[in-house]
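Trainee: Note that the protein sequences, when read in sequence, are chains A and B.
Counting from 1, one number per residue, gives the positions in the first sequence under my numbering.
Counting from 113, one number per residue, gives the positions in the second sequence under my numbering.
Note that these hints are calculated values from the structure, not bench results.
It is possible that part of the hints are untrue.
For the chain B half of the interface with chain A, some residues (derived, Cβ under 7 Å), not all of them [stated by the list, open to error]:
no., residue
1, Asp150
2, Gly154
3, Phe222
Keep in mind the model is a prediction, meaning the values are calculated, not measured.
For every residue, glycine included, the Cβ atom is placed at its ideal position computed from N, Cα and C.
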Amino acid sequence: SQQGEEDPQALSIQEGENATMNCSYKTSINNLQWYRQNSGRGLVHLILIRSNEREKHSGRLRVTLDTSKKSSSLLITASRAADTASYFCATDPYNQGGKLIFGQGTELSVKP
Amino acid sequence: NAGVTQTPKFRVLKTGQSMTLLCAQDMNHEYMYWYRQDPGMGLRLIHYSVGEGTTAKGEVPDGYNVSRLKKQNFLLGLESAAPSQTSVYFCASSYRLGLAGGHSYYEQYFGPGTRLTVT
Numbered sequence: 001s002q003q004g005e006e007d008p009q010a011l012s013i014q015e016g017e018n019a020t021m022n023c024s025y026k027t028s029i030n031n032l033q034w035y036r037q038n039s040g041r042g043l044v045h046l047i048l049i050r051s052n053e054r055e056k057h058s059g060r061l062r063v064t065l066d067t068s069k070k071s072s073s074l075l076i077t078a079s080r081a082a083d084t085a086s087y088f089c090a091t092d093p094y095n096q097g098g099k100l101i102f103g104q105g106t107e108l109s110v111k112p
Numbered sequence: 113n114a115g116v117t118q119t120p121k122f123r124v125l126k127t128g129q130s131m132t133l134l135c136a137q138d139m140n141h142e143y144m145y146w147y148r149q150d151p152g153m154g155l156r157l158i159h160y161s162v163g164e165g166t167t168a169k170g171e172v173p174d175g176y177n178v179s180r181l182k183k184q185n186f187l188l189g190l191e192s193a194a195p196s197q198t199s200v201y202f203c204a205s206s207y208r209l210g211l212a213g214g215h216s217y218y219e220q221y222f223g224p225g226t227r228l229t230v231t
C-alpha cells in the first residue's frame, strides 16, 4: 500500500503566487524526498530532508518535516509557468535499503 | 553521461504476448528499480536490485520477472501480457548519498519511461 498521501491532488495558481503541497505518511522514516515530474517525462529529484531535520531550503523550494505528525510540506515561492508539473513525496523507511515509497502526487498548474 | 535510458519508449502488445523492457544506466549505481505508474496510483515498485546478480520483489511483482546480469542493466519481463499491465513503466537507479546516524541516504534517478498498452 502507498505510504504517502498528498494533498491537494490538484492545485491551480497564478504566476507569482506561492504553492504549498502536503504529504502525510504512516511509518517511521529515514528521510523524505520530493520529486517533480513534467508531463510525459521521468521523475526528477528536488530535495531530501532527513528525519532529524525540520526545515530545508533550496532556491525557491522550502520543505518542512514534522515527524511527530508524520507529515511534510513543499512550498514553492514566486511560482512560474515552468513550475507546472506533478510533485511527488517519497519516503525512505528505515532498513529498506534505499527503496522509496511514493505518494500519489499533486498536479500543479501555474497560469501565466 | 546518458543517465538512465529505457528501451523501447512505446509498445503495444496483444494479450498473451511477451516482451522485455531494458533499462540501462551509466552512472555505476548499485541499486536499480522498476516502477509502474497508473493514473491516481502514483508509482508502485515492481522489482528492484541491490547489486549485480540480485533481485527482489517490490509491492506489485506478480506477472513480471527481472534480471540483473550486468551492473548497468536491469531487464523487466512480461511473460504473458494482460490488459491490467497497461501502464507507464519507469526504471530508476540510485547510489548512496551519504551515511549519517547509522542510516544511509539514497537519491533516485529516473529514466524517461516506457508506455505499454496491452489490448
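Trainee: Decide, hint by hint, whether the structure agrees.
Mentor: Hint check:
Because the beta carbon of Asp150 (chain B) sits about 10 Å from the nearest beta carbon in chain A, more than 7 Å, this interface hint is broken. Hint status for Gly154 (chain B): holds, given a least beta-carbon distance of 4 Å to chain A, under 7 Å. Checking Phe222 (chain B) against chain A by beta carbon gives a least distance of about 3 Å; that is within 7 Å, so the hint holds.
Comparing the model with each numbered hint stated earlier shows that hint 1 is the single one that does not hold.
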